[in-house]
Each structure stands twice: as structure tokens, then as C-alpha cells.
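2 protein chains.
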Amino acid sequence: MIELKTKLIDLRVGKRMVLLHEKDAQEIGTLAHDWVKIASKDSKSIAFVDTTQSYLKRGEIGIFRDLYEELEIEEGSEISISTAPPPESIKLIQRKIEGKALNKEEYQTVVRDIVNHKLGEIQIAAFLLAEEFHGSTMDEVEFLTRAMVETGTSIDFERPCYDKHSTGGVPGNKVTLLIVPIVAASKLLIPKTSSRAITSASGTADTMEVLSDVEFDASELKEIALRTSGAIVWGGKLGIAPADDILIRVEHPLNIDPQGQMLASILSKKLSVGADGVVIDIPVGEGAKVTTLEAARKLAKSFVELSERFNIRLQCGVTYGGQPVGHMIGPALEAREALLALEGRGPASLVEKSTALAGILLEMGFVAQPGQGKDLAKEILASGRALKKMRQIIEAQGGNPDITPDEIHVGEQTVAIRAPCDGFVTNVSNAALTAIARAAGAPMEKGAGVVLSWKRGNKVKKNDVLLEIHAERASKLNDAHNLALTTNPVTIEGMLLHKIPEFI
Amino acid sequence: MIELKTKLIDLRVGKRMVLLHEKDAQEIGTLAHDWVKIASKDSKSIAFVDTTQSYLKRGEIGIFRDLYEELEIEEGSEISISTAPPPESIKLIQRKIEGKALNKEEYQTVVRDIVNHKLGEIQIAAFLLAEEFHGSTMDEVEFLTRAMVETGTSIDFERPCYDKHSTGGVPGNKVTLLIVPIVAASKLLIPKTSSRAITSASGTADTMEVLSDVEFDASELKEIALRTSGAIVWGGKLGIAPADDILIRVEHPLNIDPQGQMLASILSKKLSVGADGVVIDIPVGEGAKVTTLEAARKLAKSFVELSERFNIRLQCGVTYGGQPVGHMIGPALEAREALLALEGRGPASLVEKSTALAGILLEMGFVAQPGQGKDLAKEILASGRALKKMRQIIEAQGGNPDITPDEIHVGEQTVAIRAPCDGFVTNVSNAALTAIARAAGAPMEKGAGVVLSWKRGNKVKKNDVLLEIHAERASKLNDAHNLALTTNPVTIEGMLLHKIPEFI
Numbered sequence: 003m004i005e006l007k008t009k010l011i012d013l014r015v016g017k018r019m020v021l022l023h024e025k026d027a028q029e030i031g032t033l034a035h036d037w038v039k040i041a042s043k044d045s046k047s048i049a050f051v052d053t054t055q056s057y058l059k060r061g062e063i064g065i066f067r068d069l070y071e072e073l074e075i076e077e078g079s080e081i082s083i084s085t086a087p088p089p090e091s092i093k094l095i096q097r098k099i100e101g102k103a104l105n106k107e108e109y110q111t112v113v114r115d116i117v118n119h120k121l122g123e124i125q126i127a128a129f130l131l132a133e134e135f136h137g138s139t140m141d142e143v144e145f146l147t148r149a150m151v152e153t154g155t156s157i158d159f160e161r162p163c164y165d166k167h168s169t170g171g172v173p174g175n176k177v178t179l180l181i182v183p184i185v186a187a188s189k190l191l192i193p194k195t196s197s198r199a200i201t202s203a204s205g206t207a208d209t210m211e212v213l214s215d216v217e218f219d220a221s222e223l224k225e226i227a228l229r230t231s232g233a234i235v236w237g238g239k240l241g242i243a244p245a246d247d248i249l250i251r252v253e254h255p256l257n258i259d260p261q262g263q264m265l266a267s268i269l270s271k272k273l274s275v276g277a278d279g280v281v282i283d284i285p286v287g288e289g290a291k292v293t294t295l296e297a298a299r300k301l302a303k304s305f306v307e308l309s310e311r312f313n314i315r316l317q318c319g320v321t322y323g324g325q326p327v328g329h330m331i332g333p334a335l336e337a338r339e340a341l342l343a344l345e346g347r348g349p350a351s352l353v354e355k356s357t358a359l360a361g362i363l364l365e366m367g368f369v370a371q372p373g374q375g376k377d378l379a380k381e382i383l384a385s386g387r388a389l390k391k392m393r394q395i396i397e398a399q400g401g402n403p404d405i406t407p408d409e410i411h412v413g414e415q416t417v418a419i420r421a422p423c424d425g426f427v428t429n430v431s432n433a434a435l436t437a438i439a440r441a442a443g444a445p446m447e448k449g450a451g452v453v454l455s456w457k458r459g460n461k462v463k464k465n466d467v468l469l470e471i472h473a474e475r476a477s478k479l480n481d482a483h484n485l486a487l488t489t490n491p492v493t494i495e496g497m498l499l500h501k502i503p504e505f506i
Numbered sequence: 003m004i005e006l007k008t009k010l011i012d013l014r015v016g017k018r019m020v021l022l023h024e025k026d027a028q029e030i031g032t033l034a035h036d037w038v039k040i041a042s043k044d045s046k047s048i049a050f051v052d053t054t055q056s057y058l059k060r061g062e063i064g065i066f067r068d069l070y071e072e073l074e075i076e077e078g079s080e081i082s083i084s085t086a087p088p089p090e091s092i093k094l095i096q097r098k099i100e101g102k103a104l105n106k107e108e109y110q111t112v113v114r115d116i117v118n119h120k121l122g123e124i125q126i127a128a129f130l131l132a133e134e135f136h137g138s139t140m141d142e143v144e145f146l147t148r149a150m151v152e153t154g155t156s157i158d159f160e161r162p163c164y165d166k167h168s169t170g171g172v173p174g175n176k177v178t179l180l181i182v183p184i185v186a187a188s189k190l191l192i193p194k195t196s197s198r199a200i201t202s203a204s205g206t207a208d209t210m211e212v213l214s215d216v217e218f219d220a221s222e223l224k225e226i227a228l229r230t231s232g233a234i235v236w237g238g239k240l241g242i243a244p245a246d247d248i249l250i251r252v253e254h255p256l257n258i259d260p261q262g263q264m265l266a267s268i269l270s271k272k273l274s275v276g277a278d279g280v281v282i283d284i285p286v287g288e289g290a291k292v293t294t295l296e297a298a299r300k301l302a303k304s305f306v307e308l309s310e311r312f313n314i315r316l317q318c319g320v321t322y323g324g325q326p327v328g329h330m331i332g333p334a335l336e337a338r339e340a341l342l343a344l345e346g347r348g349p350a351s352l353v354e355k356s357t358a359l360a361g362i363l364l365e366m367g368f369v370a371q372p373g374q375g376k377d378l379a380k381e382i383l384a385s386g387r388a389l390k391k392m393r394q395i396i397e398a399q400g401g402n403p404d405i406t407p408d409e410i411h412v413g414e415q416t417v418a419i420r421a422p423c424d425g426f427v428t429n430v431s432n433a434a435l436t437a438i439a440r441a442a443g444a445p446m447e448k449g450a451g452v453v454l455s456w457k458r459g460n461k462v463k464k465n466d467v468l469l470e471i472h473a474e475r476a477s478k479l480n481d482a483h484n485l486a487l488t489t490n491p492v493t494i495e496g497m498l499l500h501k502i503p504e505f506i
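Chains P and R, in that order, give the protein sequences. Mapping of the first sequence onto my numbering: residues 3 to 506, in sequence order. Mapping of the second sequence onto my numbering: residues 3 to 506, in sequence order.
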């Protein structure tokens, strides 16, 4: 044990971490990535070690922001430090790496240590990769799901509650902005928590934020939902299943998404809001998360099996995900298209998909007869009741309830990509459209995005506009335009894809 | 692309990394763990992104030490930044995660990106775990080994060259300090590069450092080795196979050591010094890296197969690793015991093991007839030629050639652990002895360590000294003493291991 003088480091590192001079670390017999016990006047904790030869003098200890906020440590105070064994979950992750299944208590331990920032990214990566390699039994997925719920906030709406989720990957998928008001208009409670975009051009929370606030805490969400029967808010401020956010941050650079983890991620969020009936949208196609029908059916079966263990009624809708839903991509454009659809002026792909998924919930909630949910959803939409409900929700969430589609501001810097020849549209690339919309500034710049004029099978003439890019700034428009010219967001039969050699 | 003002952050993070304000990161469409292109007035690079809400103001970019040293960026200068695709190796690691083998060029790409700090710990962890899960074909181990050699320094000694390595895990394994002078005394060239302790009480480099300097660059090592036929230096300053150091730093917190990686790690170091003949010591037993004879045989076969691909003559010696080699553990104590053995006063376990392994090299180098290597090694040792050679090596490396075992300073703070009853020693715990020696201050405090009086099968009487702990400071002695009382470093038949309940 040695005594060191604290130096605060105003950097968030996502874990409890201290910085030691390399010589001091050697003296207490610890290495970077090891754990140490630290004790200040008022508090004790364990923390990760990182070492430096230059940032600190010997005898100093650097305390990163996460830790000094938690322990209320002051600059210059004395801290004693000694070696600590690794947290228990390290051995459990080791076991999972070796291919052994973990039990209920063991998942609780792992998830608790993740939430309490006792594990570093390396160990979390190891846990996720072990799930990816060995898979997880349905028992394990259940234990993981329970542990993720128990380590977070749960919201009790005191009424039967319905919910919807998409496995993702399809640009322009603004169906939640139709489903929630349709279902809420039928008096079923649907307090929808959504995410912001990580790799897409707009998450549902980003899109809804064009129309109203989306950041509410649990009690505010409850009040809004009980008042209007529906809500569309960002899940990140609610504290539900916080392990999920941490795990997703490590999944992103690894570019993996183990199926057991995906199931637990989605179900834990639904359980945390006490959902009784859930519909899962599984888009299938190139560029979507699930690429084959067979994989979608298998995934759907797993969702159903898992939900039965929690007494949740759950149905999956396998949907077409090979090209965008509707024509507009990007926060403001998607909000505009959703509002157009609520006014009865939406594209068929958006209306059909939204009402089909909403219909499943209407049947689950016994407001529609079996087999008649979609018809009822269309009726609610056509009657204007869904639009009226959406305006109530916008108002309850602090937005302008009277906004019209045209009043939604979209980026005024625009450029059109035109058809180079006559022909049929043979391909629309989800990945290219997302990349172009992001290059234009989405999701950060709400008005940025892409409007796709034609979809697969449409006949186009030379010089027809294939897509229009919107941006808020000329430099971003330029970036997006260049990207559109070098990728093939829309392919026309007969179009020259490459010239070889390129420069003649 | 945006322009930002640099702020230098004097922290080494082991990779090319920049810190962005979260809003700036969102504006250019990048997330923590993504890569960005950065361009200053004079230089360009790609770097990792981390984000902060508080450490920087918007418009500032934090440059960590690794990067600003490399690019010579100055505080306050302007840097432009734009998104960059991940390095090519990311896709290759993905392929390895999926269980596919990589080819020669692909291993080159991965190892080059590791050495150039283009991969973060998460990705390196993924690579190592993929090796652990799927294993590696012998082709892959060969490609990996070659890539590790090619990305580092190679030393050409211009003479046939012999080498030795231990897979590790046994405390007190100071055999290198006998093998090198025995082999060098026979005129074979043996320029041994060694490591410092990571989790043990003393690495060979730590032990040798008690007697002389060990930090030399490649040309200094060459000069020393050619002058005296032998050398024992720290490998860390030579720049050979630098990927290995980076990989080992990530293996440590993961607590894994994929076999293909171990093979490549050891062989790449031997290839980098141009070894023609190598003996590998594989200690087997509880607490050693390899715990069963069957596993040792398999590992030995893989070593031989791999060495054949590089035209290296290699033999493995499977040795007993269930308890310490000799009686002394800790840098100074091990140096003392080695010197005693060179003077002809060493314990049998140390002398037998060292001469057996040295004998293999003497036969390989054709200075001993087949089957007579060990006898020749013993003869060289008994004649005093090995001691004389060791004194030459110590002198060539800047130490005192006349030092006697008694002149080696060991920690003066001591405490003895005594036998609680009469009986036979039934167990000696490698792990407990290592932990006690480290608690006493080893390897940082050279004089700290443990002297073990008796080994398995010895008969002891009540109150005989079982082990003596040495430390340089009273507080460390106390820590080590407490640890010795609560673990069972030496077990005597008839000894009470636990009292239940403990406090009556």
C-alpha cells in the first residue's frame, strides 16, 4: 500500500480508472489493465490502472473524471492504493470464452460489473466475442435479459402496455411515427422508447426530435404516455437496461452483433417498460441486419421462445428491407414523409408496412378481430384519427401540434442526381443512400438527407431525377454529391457502371 | 472536413489517437473508436477518435502524446480532420472471427497495422480471441511468425548462432544464467535475449540486471556477443518483433495465450536474431504454463513442425515444473544461486536441468557427440570454465566480473515461516511462492524474494524453517509475511489446513 497525491484528469474514460507513474505501479506490483483498491478520506473503491512515464510525477495519482465525480475526490488530496484482485466476472468471462454456459447468478455478476464500470473494453469485447463464437443457449439469453433489466430502471405504467421494435438496417424506416399514433388512437397504451442513429442516417429519436422534444426522464414519460396513450421518446435518458448502451459501444468497433445479445438487448428494453404485447419488425434484404428469409424465420422463432419465458405476447413481422421504406431519408425529411402519410398522402410502401405492423398490435390488444388488424389500422389512418393523435403526442412532448409537412425545415442546399440513360431501376443500395445522407450531414444536421424518386422496377427516362440530396451547408452538399457520383445508389439497366481504363 | 485547433495531451495511449468534442465528432459523422484522417501543415495520418463533452471546447482537437511525437504537431496549430475508412486489417480480423484462415499477405497487413498503432485494444483483443477460439493452422502460424519478424529489426551475427527459450511459469527458473556461459565456453555463439517479469517474481533480464547492465541496442549486443560468444540482455530495447510486445499487453488482461500466438511469439524472436539451433524448455506441472505431459508433447511437436518451415534446428526439453527450480526466488537471490551453481555449489535441480538443456545445444553445435551433451556440459561447469565465461560476459555487459555470491545484496528485512508439525513436504505451491515474493517487492526491489528450504518429499521437523522471506522495506516484508500465513506455500503432511469455524 502506498499513499499518493491526487491530480484530477478531466477526461471521461467510461470506467473507474486511475493513472499511476510506471515506477509507482511497479512498486505496488501492478500493471496497466490490473485493478487496484483505492481509499480516500471518505470513500473506497476499486479502479483500473493505466500507467504513464511523463504525465505524472512519482507520488502522484491521476483520477479520471468518471471516478472523481463518483467518489468526490479533491485535487491534491491523499489517496492510498494497493493491489486488488480482478472482479469476479473476469473468471466468468473466462469460462464463457472456454465455451461453458453461465448460470443466472453468473450473468447477474457479469452484467452488474459492466454497469458498475468494473470491466474495461477489452473484457467486454471478450464477453461479446465469446457470445459470438459459442452462441448462447435460450436459458443464457433469458438470464442475460433478466440481469440487464434488473440493473436498470423499470417503469410501471399501471396499464396493459404495447410496444414495437425493428431489428434495423433499412433507411427511411419511419414507421414508428405512424404505428404509435394509430395504436394510441385505438386507446391502447404505447409508450415507445427509441434510439438515436449510430450508423444510420436517422434513428426514430432523431426523426421525432424534428417535431418535439424527445429527452424525458421516466416519470415525465409516464405522465405523457398516460395522458395521450402514446409517446415517442429517446431511451437514453430513462436509465432502462444501461448495460445495453455500454455493450453496444463495444459492439460497434468490433462490427459484431451476437444474436443472443441482440435478443436480450431488445427484450430487456421492452421488459423495463412493462410491455405486455410486442411486435418486432424484422426487415430482410441486402443491407438490412438480416439478409435471408431463413435467418429471419429463425430469429423470429428465438424472439417468440424468449418472450414466452417472460409471459410477453410477441409477434414478429418479417418485412421487405431490400430498399428504403418510403422515399425520404434523414431526420427532417423522414418527419415530413411521416406527417404526409398521416395526412393520407404517404407512399404505399410506408403505409402498407406501418398499418400491417400496427394491425398486429391492434389484434393483440383485442381492439381488432383476428385477421382484421391491418384493415382497422388503415381505417384509423384514413379517418384522420391517427393524425389527430400524433398532434396530441407532439404537443404533450412540447412541440408545435399544428405543424404541416411543408413547414418542416429541410436543407436548402440541394443537388439532383439524374438518370444517365433510359431504363428500369434494377437496384437501390441501402448502404450507399445511408452513406450519402450521412455525408450530407444527417443525423446531426436535421435538414440533411436524400429524397429517392424511384424504386426498384420503376421505368425512368434519361435525365429524370433519381435522387435529390439536401444539406444545410454547401461543403457537406459537395461531399455528399461526390459520394453519390462514385457509388451507385440507384442502378439503371443499361447504365455504364465502370469505364476501364477510367481516364481516357 | 473541419479545421480544429490542437491541444496537446501529455498521455501515452499506445495508439494514434485524437480527442474530439462530442459535437464536433457528430458534425463530421464519426464516433468514438472510428478512424479519422488528420492533416497538419507538414504531415498526414489516420488516427483513432475518442470523444469528450468537457475536456475540450468545440473547435479544439486533443492530440495524445504518441501522435504528436510522431507527427511533430505543435500546440495551437491548425489541423484538418475528416472521416476515414477503418484500416484494411479490420476486415481481415472479422474474417478470422468468422473462422476463416488468413493468407500470408493478410497476416502481413494485420501485423503491420498492429505495429503502426492503427488498431486499438478492442480489435487486437478480437484478433487474439479469434486465434484462441478457432486455433490457427500451421500455415497461419508460419505467416504470423514471418510477419512479426518482418515488421521488426533483425540482427545478423554472421556466425552460426544458438538460442534457448522457456515457455515459463516456474519460479526460480534461473537456468539461462548457467546455460549461456556453458554453451559460450564451448565456443558456440549464444546471444540470449530475455524478458522482464510480467507476472513472475523475476524474469531472466531482471535477474541478470543484478550482475550487469542488460539494456543494449542491436549493435551493442552484436559487439558483446561476438567478443565473448555469449550475452544475456533484455529484448525490449532491440526492436525485434515489436508486434509481440503489443499483443502480450492485451493478452495479459484477457488472461489468454493462444497457442499459435505463443509459437509465433517465441519463434519470431529466435528468427530475428538469426538462430540456427534452438532448445525450448517446456516445464510441465501445476502452476506452470503447460500442466500435463500430453499437452507438453503436443506443444513440442508444433514447435518442431514450425521450426522446420524456417530451417531452424529445434529441440524441446520437457522438464519438471511442479515446484521451483533450485531454492531461491527473486532477482538478487536467483543471481546469487546461479553464481553458487557456477562455482560448483548449486542445488541438484538447477544443475541437472541447466546441463541437460545446455547439452542439447552442445550436441546441436557438434561440440559434443550425440548423447554426450549433458556430460560435456557438466564437465564445462565442473572445470570452472562456465564460471570464467560468465565473468567475461558480466564484464562485457558493464558489471563487476569479480563479484562473489555473498557480495550480491539481498533484502535485509527477513522473516522465517516454520513447520507447524513434523512430517513430509507434500506440496510446494508455485503460485503462492510467486505471490509472496512479489508482495515482498520483487521484481522491482531486486533484493526481495523467497528462499525455500525444503522441497516435495523432504522430511521436516516441527519449527524447521520452511521458507525465509527477504524484503528491502519493513512494510513489504509485513505484506509478504501476511500472505505467507494465509496461503499454503508449503504443505506438510499432518498439517492443519483450515479450522472450521475459524474463530473459536
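If you are wondering where the hints come from, they were derived from the structure by calculation, not from laboratory data. Bear in mind that the values here come from a model prediction, so they are computed numbers and not experimental data. Treat the hints with caution; some may be incorrect.
A pair counts as met if it fits within one copy or between any two copies, since identical chains are not told apart.
Calculated lysine-lysine pairs in the DSS-like style (CA-CA distance at most 25 Å, straight line) [claimed, not checked]:
id: 1; residue 1: K291; residue 2: K102
id: 2; residue 1: K46; residue 2: K291
id: 3; residue 1: K7; residue 2: K189
id: 4; residue 1: K390; residue 2: K224
- Find the hints from earlier in the document that the structure breaks and name them by number, from lowest to highest. Numbers 2, 3, in rising order.
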